[in-house]
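Chains A and B are the protein sequences, given in the same order.
Its first residue numbered 69, the first sequence is counted upward by one per residue in the numbering used here.
Its first residue numbered 39, the second sequence is counted upward by one per residue in the numbering used here.
Treat the hints as calculated values from the structure; they're not laboratory data.
Note that the structure is predicted; figures quoted are calculated from it, not measured.
Just so you know, not all the hints are guaranteed correct.
[What the hints assert, rightly or not] Coverage of chain A stretches by chain B, computed from C-beta distances (three or more under 8 Å per stretch; other residues unrestricted): (1) 125–138; (2) 149–159; (3) 183–193.
The C-beta atom is built at its ideal place from N, Cα and C for all residues, glycine as well.
Now for the letters of each chain:
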Amino acid sequence: MRYRSIVLALSLVLAGNLYACRKAEITPVTDSSLSAYAFEQDANNAQHLIALHYEQSEGQRVFYDKCIWCHADATPAGPSNRSNLMPQPPLLNDGNVMNAVNDGFIRNIVTLGGGALGKSPMMPPWGNTLSEEEIRDVTAYIRAVADPPYHAPANPGSDYGVK
Amino acid sequence: MLGPDLSDLGNKVSREWIYKWLKEPRTVTDAAGNTTVNGYETEAAPRMPQFALKEQELVILSAYLSSLKNESVEAGQSSARPPSFKGGPDSVADGEIRFQQMFCTTCHSLAVTRAGNTEVIGGDIGPELTKIGSKVKSEWLTGWLRNPQQYQPRSLMPRYRWSDEDLYKVTQYLTTSLTDPDLLSNVPKLSPASQQEVRVGKRMFSDKGCASCHTVRAVARQKDFGPDLSDFGARNLSQLEFGTAKIPRSLAAYIEAKITDPHSVNPAARMPQYPLKPGDIEALTTALLSLTSNSDLPRGLVVPRQLSQFQPAGAFGELYERYKCYACHKFNGYGGTLAPDLSFEGSRAQRAWLIDFLKNPRTLRPTLTLRMPQFNVTGDEATTIADYLTLVAQSPAVDLAGEQAKPFDSKLAMQGKELYEVKYQCRACHTIQGSGGYVGPDLSDAANWLTPAWIAEWLKNPQALVPGTLEPRRNFTAEEVNALTAYLTTLKTASAVKKGAR
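Generate coordinates for the entire structure from the input sequences, incorporating the hints supplied.
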């Protein structure tokens, strides 16, 4: 059903674009959904689909395979492990938490684990399991689904999360 | 053969049901492209295509098919209440409970209506059973549940050791609860098949090409009923018959039109209409266009067909066939994907645990639904399977004897416990005695379940043993691996300890 709604939404977007094209033929097509590799449903607004480019869509795949079990409230298996952990892991699309750290910090905590960066050691290191590209893709995915949306800060901050 | 063996069809279903099936195979695709099974929306479609049969043809073909009876099978079947059965009148409700307890829905699906929403729930290894009671005869069903291979030698359904009482109850449930009184409502009244109808029907069975997918005893298989397509992509347009179809005169358009509706290009086409989605039609067209004798497709792009066959011999081979382990489990690259790959199970699990598990299957992961049915294996059978797996299903990476010789003492185990609880916080994902995470398997009984060699090798590199497994690979030192292995081999549940003493 969800697939069908995505297709429907996409065809609406396409139809809208065609209409726009007919009105002003030189208007360049800028809609990101036309070149999207995948879509993610906005967790807070089912009507809103987030278009993902290639890196982000690869990150989405890794997220649904490895991260979702603790960093989301619903998993493909049903219950989530998140409520079971103390401290509770942040939701991956929680912009209030994830936007406060820079890309280097996300790369480091995924690669080295929570313990190495003074966070909960319950977050295991994925550096031996995921490739550097996969970790970069997950970071891109986190940025894409952040709510409130992510804007790269002027001052990037530390890669190691020291306050 | 693609379709089922029809040699004994007359014992299984009524002539009316055959008529209905030939007219409109259970699944119907509506104008909006939604596929429905018995009126419920679903992604699955049966492989039986739609043949444009006339009324007269339906009557004659159904007469012939309903006359196919294997007398010896019929004689042995009975759905009568077994003499030992002393249950009350609510055998239907009991049957439903047994149906659920037997995990039939691991392979079969049912349409379930919850809060006004109907969806098909269950596995797709076996057929969907929502209206099975309106399809098959009850005496056939009991015989089938007792021994599916007697009717269909290559069926994937295991031969469970169910009691006569259970068979009676489940048959009662299936034939009384899972029915649809309207299923055969638009089928005309059909009298028993006459000799004349059977004779004509038999000829029609061959004319329509039924024997290229279905087996019937004493009817030769039709090997090349459809034309050879191996050079179809190079076919000259002058060899194609476009009829009156309003389509571009190109091979691609012809193939697409022919697959979508065979009668659009040739009203006399023998090819039936398949319920295909637009994407499937496009993919098939592309594949057919690629079939030329001078194909320059790079080798790397050709996906090889999986031909690996794992056929164990001996006592285990018999049980492997009886319980159809390969319907769900994979062995040496051959088998289903529903359940864990068992190629290296002998390295992972201990023999005593395997025996216990086979007698009483249970789930090891708190979030997983148990799918393994209760096969009611005997003690001897469980021992045979466990012996075979222990001897044969060994990973070359796991050195059972070497690890067994290592001295694990309580001091090392205490170090491991500290690593487990403090440094690595394994409890984030694993449960021990009811406390911990839901992601990995429950380790409460690890000492009785896993071999020490498997634990040590797993800690070093999980992906080397099970590619793609979720557990991340850690940088444990050799001492840490030893300590964690020592700790995990001390974890036993109270009940398991009691069993060990028995």
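Now for the hints, and whether the structure bears them out:
no. : hint    : result
1   : 125–138 : holds (count 4)
2   : 149–159 : holds (count 3)
3   : 183–193 : holds (count 7)
No hint from the list above goes unmet by this structure.
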